[in-house]
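Can you build the whole structure from these sequences, using the hints too?
Everything in the sequence shown is counted per my numbering, starting at 79 for the first residue and increasing by one.
Please note: incorrect hints may appear among the correct ones.
Ranges between beta-carbon positions, derived for each pair [unchecked claim]: (1) 434 with 212: 39 to 49 Å; (2) 503 with 94: 49 to 59 Å; (3) 365 with 186: 49 to 59 Å; (4) 519 with 273: 49 to 59 Å; (5) 120 with 474: 45 to 55 Å; (6) 215 with 523: 31 to 41 Å; (7) 519 with 239: 28 to 38 Å; (8) 536 with 340: 52 to 62 Å.
Result set (EDC-like, lysine to aspartate or glutamate): computed pairs, CA atoms no more than 16 Å apart in a straight line [unchecked claim]: (9) 190 with 147; (10) 190 with 150; (11) 109 with 388; (12) 243 with 317; (13) 478 with 464; (14) 109 with 272; (15) 190 with 144; (16) 109 with 368; (17) 243 with 313; (18) 109 with 347; (19) 478 with 427; (20) 453 with 467; (21) 243 with 314; (22) 109 with 344; (23) 109 with 92; (24) 478 with 491; (25) 109 with 340; (26) 243 with 302; (27) 85 with 272; (28) 190 with 151; (29) 190 with 521.
It should be emphasised that the hints constitute simulated quantities derived from the structure, not laboratory data.
Model, not experiment: these values are computed from the prediction.
Even for Gly, the Cβ is constructed at its ideal location relative to N, Cα and C.
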Amino acid sequence: MGRDLDKERFTEAEFTRFGERVREQLGVLRKLLDTPGFGQGPVTIGAELELFLIDEEGRPLPRNSEVRDALDDPRVVLELGRYNIEVNLTPLPLAGSPFAALSAEVQETVAKVDDAVEGGGALPIGILPTLDTGDFTRGAMSDQNRFRAISRGLRRLRLEPFLVKIGDLELSVEDVILESANTSWQVHIRTPPERFARLFNAAQLAIGPVLAACGNSPSFLGRELWEETRIPLMEEAADDRDMLRRERRDGRVTFGSDWVREGAGELFERYVRDYDPLVPHLTEGAPAHEVPELRLHQGTIWQWNRPVYDPAGGGHLRVEMRALPAGPSCADMAANTAFLLGLTLSQAERDLTGYRFATAYQNFYRAAMHGLDAKLSWPGLDGEHEAAELVLSLLPEARKGLLAAGVTARDADRALEVIERRTRLRRTGSAWQRETLARFGGDRGRLVRRYRELALSGEPVHLWD
79 MGRDLDKERF TEAEFTRFGE RVREQLGVLR KLLDTPGFGQ GPVTIGAELE LFLIDEEGRP
139 LPRNSEVRDA LDDPRVVLEL GRYNIEVNLT PLPLAGSPFA ALSAEVQETV AKVDDAVEGG
199 GALPIGILPT LDTGDFTRGA MSDQNRFRAI SRGLRRLRLE PFLVKIGDLE LSVEDVILES
259 ANTSWQVHIR TPPERFARLF NAAQLAIGPV LAACGNSPSF LGRELWEETR IPLMEEAADD
319 RDMLRRERRD GRVTFGSDWV REGAGELFER YVRDYDPLVP HLTEGAPAHE VPELRLHQGT
379 IWQWNRPVYD PAGGGHLRVE MRALPAGPSC ADMAANTAFL LGLTLSQAER DLTGYRFATA
439 YQNFYRAAMH GLDAKLSWPG LDGEHEAAEL VLSLLPEARK GLLAAGVTAR DADRALEVIE
499 RRTRLRRTGS AWQRETLARF GGDRGRLVRR YRELALSGEP VHLWD
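In structure tokens, the structure reads:
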């Protein structure tokens, strides 16, 4: 879904033909995944960072197309809201010192985007505290056919308004624009097909305790809600299950409902079977191995961890991890990546399908709701444990997973030390936002302006004043 489309409206005949092609291409992809030697190669990682653009008062600034044009950088693309922009980081080998390199590129690109914003700046934060209901009109959507097509596709399926209920917040909206309230830090790791199921399941298990230590979205529309409010907001703001689709277990944004037992093909098959197409854009003349319609369809299902098939370079698979929030700083995002990847790699050494999936599911939502105070379970440990205690006990496991993958001890230790200090001090981005907002007497604009200064410094959040 990264490229724009040549139109925003589609006929029912196009929806029918698109569905036929998706089913045909599912068979093509299955054959590719079963081909001996497919997707082999060194383990690489990548990331995507979504940013908010703000004015001098800290309010959302709807100028993403002007900023993109001024930068003229292929890494920078538009996002759903006119006040959102995305930076695609350069893929790099996992072996060596990837987190130092990732941190440096994030620092460089965020500063570059910030400098390009006339009369304001940019900041990586899960949910911008100064957003108001007036920022979610259809006019706030980026001027691209692909976003309007997604909006039309969702409204074609869901005749009812989108209902958001989080704590004491209740909101009814007619459009998908509410998704622009969320910005994230999305991490990719390449994997051969035969290892996909274990790596994907391990990511499902790991994200619970990792998310507990990474909260950076404690409020929305002036209300203090979950530690990571992005999670319920994204799930409810794009849920296509109206009265005709109540029987489907999972929404369009979902954690999932079971372990993967066969491999990536199992998930792609589920996406084709369970989800109606949103954007039936037909590609003519593409090589068979590119499966463009299937990839487009998969790009409109936003599972917190999801498979990615990339046809480049002969084709390969990736696990995309979508649950981490943007920010607070380059050091924090590099550290979050190290903890998530290290813990995922270490847990991929075991077969998790005998462990109750419901426990991993519960961990994820408890972590999003309560952060380091959440009560979490873990394979091999009796009972429930405070998330902060569990995180500290799992850091050696994460380190072991990184070292086994060829990450240098220095790079792993430097990144994981940020997680350790943040956890011991209980100084997540969400904690800092709550404390600072109270100190500033509820002045959300002042909070955002101070956050931007500190985020651009590159210092991890546990060292912020």
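Each hint, compared with the structure:
1. At roughly 44 Å, the beta-carbon separation of residue 434 and residue 212 lies within the given 39 to 49 Å, and the hint holds.
2. A hinted range of 49 to 59 Å holds for the C-beta pair residue 503 and residue 94, which are about 57 Å apart.
3. Between residue 365 and residue 186 the CB atoms are about 35 Å apart, so this pair departs from the stated range of 49 to 59 Å.
4. Residue 519 and residue 273 have their C-beta atoms about 52 Å apart, which keeps the hinted 49 to 59 Å range intact.
5. At about 25 Å, the CB distance of residue 120 to residue 474 disagrees with the hint of 45 to 55 Å.
6. Against the hinted window of 31 to 41 Å, the Cβ-Cβ separation of residue 215 and residue 523 comes to about 21 Å, which falls outside the hint.
7. Restraint check, residue 519 to residue 239: a C-beta distance of roughly 35 Å satisfies the suggested window 28 to 38 Å.
8. Taking the beta carbon of each, residue 536 and residue 340 are about 43 Å apart, not inside 52 to 62 Å as hinted.
9. Distance hint between residue 190 and residue 147 is fulfilled; the C-alpha atoms sit about 13 Å from each other, no more than 16 Å.
10. Our distance criterion of 16 Å between C-alpha atoms is met by residue 190 and residue 150, whose separation comes to about 11 Å.
11. Using a Cα cut-off of 16 Å, the hinted pair residue 109 and residue 388 holds, with the two alpha carbons roughly 15 Å apart.
12. Distance restraint check for residue 243 and residue 317: the Cα-Cα separation of roughly 12 Å lies within the 16 Å cut-off, and the hinted pair is therefore satisfied.
13. Of the pairs offered as hints, the one joining residue 478 and residue 464 is violated, with about 22 Å between alpha carbons and a cut-off of 16 Å exceeded.
14. Between residue 109 and residue 272 the alpha-carbon distance is near 13 Å, which keeps this suggested pair within the 16 Å criterion.
15. Of the supplied pair hints, the one linking residue 190 and residue 144 holds, its CA atoms being roughly 14 Å apart against a limit of 16 Å.
16. Using a Cα cut-off of 16 Å, the hinted pair residue 109 and residue 368 holds, with the two alpha carbons roughly 13 Å apart.
17. Pair hint residue 243 plus residue 313 holds up; C-alpha atoms about 11 Å apart against a cutoff of 16 Å.
18. At roughly 13 Å between alpha-carbon atoms, residue 109 and residue 347 fall within 16 Å of each other, so this suggested pair holds.
19. Using a Cα cut-off of 16 Å, the hinted pair residue 478 and residue 427 holds, with the two alpha carbons roughly 11 Å apart.
20. A C-alpha spacing of about 10 Å is found between residue 453 and residue 467, which places the hinted pair at or below 16 Å, so the restraint holds.
21. Distance restraint check for residue 243 and residue 314: the Cα-Cα separation of roughly 8 Å lies within the 16 Å cut-off, and the hinted pair is therefore satisfied.
22. The straight-line distance between the Cα atoms of residue 109 and residue 344 is roughly 13 Å, inside the 16 Å bound, and the hint therefore holds.
23. In summary, the hint linking residue 109 to residue 92 is not supported, as the alpha carbons are separated by about 26 Å, beyond the 16 Å threshold.
24. At most 16 Å may separate the alpha-carbon atoms for a hinted pair to count; residue 478 and residue 491 meet this at roughly 11 Å.
25. For the suggested pair residue 109 and residue 340, the alpha carbons sit about 14 Å apart, so the restraint of at most 16 Å is met.
26. Only pairs whose Cα atoms come within 16 Å are accepted, and residue 243 paired with residue 302 is accepted, the gap being roughly 13 Å.
27. Distance check on the hinted pair: residue 85 and residue 272 sit about 38 Å apart at the alpha-carbon level, beyond 16 Å; violated.
28. Restraint check: the Cα-Cα separation between residue 190 and residue 151 comes to about 10 Å, which is no more than 16 Å; the hinted pair holds.
29. A hinted pair counts as satisfied when its Cα atoms are at most 16 Å apart, and residue 190 with residue 521 does not qualify at roughly 27 Å.
In terms of the numbered hints stated before, the structure departs from hints 3, 5, 6, 8, 13, 23, 27, 29, listed from lowest to highest.
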